[in-house]
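Each protein sequence line maps, in turn, to chains A and B. Counting in the working numbering, the first sequence tops out at residue 423, every number present. Counting in the working numbering, the second sequence tops out at residue 1227, every number present.
Hints in this document: simulated from the structure, not taken from any laboratory. There's no promise every hint is true.
Unchecked claim - What follows is a set of in silico ranges between Cβ atoms, one per label pair, in the way DEER data are often shown:
# : chain 1 : residue 1 : chain 2 : residue 2 : range
1 : B       : Asn1073   : A       : Ala403    : 21 to 31 Å
2 : B       : Val1155   : A       : Ala403    : 25 to 35 Å
3 : B       : His1019   : A       : Leu356    : 53 to 63 Å
For each residue, glycine too, the CB sits at the ideal point set by N, CA and C.
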Amino acid sequence: MSEVSTSDSLEDAIREASQKDAVAIPRLPTQTGQAPSDAPMSERPVEEGRIKMRSEHLEVFYGTNRAIKGVDMVVLANEVTALIGPSGCGKSTFLRALNRMHDLTPTARVQGAIKLDDQNIYGSGVDLVQLRQRVGMVFQRPNPFPKTIFENVAYGLRVQGNNNARELAEIVERSLRGAAIWDEVKDRLHTSALGLSGGQQQRLCIARVLAVAPEVILMDEPCSALDPIATLKIEQLMEELKREYTIVIVTHNMQQAARVSQRTGFFLTGDLVEIGPTATIFSKPTDKRTEDYITGRFG
Amino acid sequence: MTRDAFHHELDELEEAVVQMATLVESAIANAMQALIQRDVTLAQQVIDGDDTVNEQQRSIRNKTFGVIARQAPVARDLRELVTIQLVINELERMGDHAVGVAKNAIRLASQPPVKAVVDLPEMAKLVRQQVRDAIQAFVDVNIVGAREICIRDDEVDLLYRQIFDELLGSMRDSDNVPQATSLLFVAHDLERVADRVTNICEDVIYMVTGEIEELN
């Protein structure tokens, strides 16, 4: 997808983004001499009441490739969970499974379960539109629609059938404030979103997600196309957002994971090698593979 | 993405720590030799040489801060850099204890000799070996070695108590009091060096395991 998306439907934009990345995920040869993927995780117990999402022996296949090899993991409410690992490790694939993005990829197949508040999102009778409203996604490259700033944020609400002008104005303002961009755009709400800087566009996309009142926000390398200042703003925003929302972020920038997250999971060749409190992962990881990766001894 | 340049810098810092430790260990050896042979010139060399030790500590500390600032180290790299800072502080204080021994060597050289305290050179030998072994454990990331060194600290403590009692006994003759007091300070300096060896061993264990462990 080009930096400025030309698609004018949310569904198209999502499909484009999803398919591009599905193709882009390289496969690594299976590593030998490695712990079996279903080895029990050495994570200390977490309080059940804090679990927002949970994957249960999740497997994702692209054709015959097993990109995720049976991952059990929990995402805690009102925290930032960071997923790290080398390219092709499965972290983005895992993230995309959390709101069924893989449904849009014909060759992809998902086994196991992902529970959102104890409901299996892969169960029958799950409304995908409602699921993606509850679990929103922010992509690597900001992908505003070629519409005004206002209409970008109002889009999801209009799709839901809400055309009440006063209500829309209220939610748009609240969402833009929530995404820490209101002051920068309040005087130009009815100009094109494509005139914003990259960092502003990304915060606009976050506002667009906030407008439909999600519970979980997935972020797939949200800062990798941004400069350091814009990156800092998004990182500060995550700190704010986690009070109300649950955030899962995939990042290639390990220092970013260390800065923004409360828990970090390390993926390698489709396995979740280790997950734990971020301070522990970056000071005293349990698994040597984690240690070698974060200290730059391989990867 | 392997960080070869960074890990090369870490190796250089480790090498600088070894050099500093070698300097400190020979300062202890020379101070003891000056004491035994009543060699004031050698004692003065030890005292003057402490500036070099202090300079090495400053230099390693500055380099370590620079690496932390530039490389944002994590996990074992971070623990190693923190450990280096802790170890060089211990080495610097060991250097001060060597100066303490050297100053007493000068003081004793101008006084009539008292009965030789045979255990004192033996104690110094044990302590120097401990310093060497602790630094080796640091280089080898050897926690078994680090724990074993600390157990040997009991021998040093035992000798210290014997020397203490012996010198205290010799003070019954009031003519011996100035010399015995100086020798007590020497024994105390050596005992303090051994305690700092224990600290280094604890730092090595932290570096390897990430656990803060109290030895002895």
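A quick look at each hint next to the structure:
no., hint, result
1, B:Asn1073 with A:Ala403: 21 to 31 Å, "holds, 27 Å"
2, B:Val1155 with A:Ala403: 25 to 35 Å, "holds, 28 Å"
3, B:His1019 with A:Leu356: 53 to 63 Å, "violated, 31 Å"
Violated hints amount to a single one, hint 3; each of the other numbered hints is respected by the structure.
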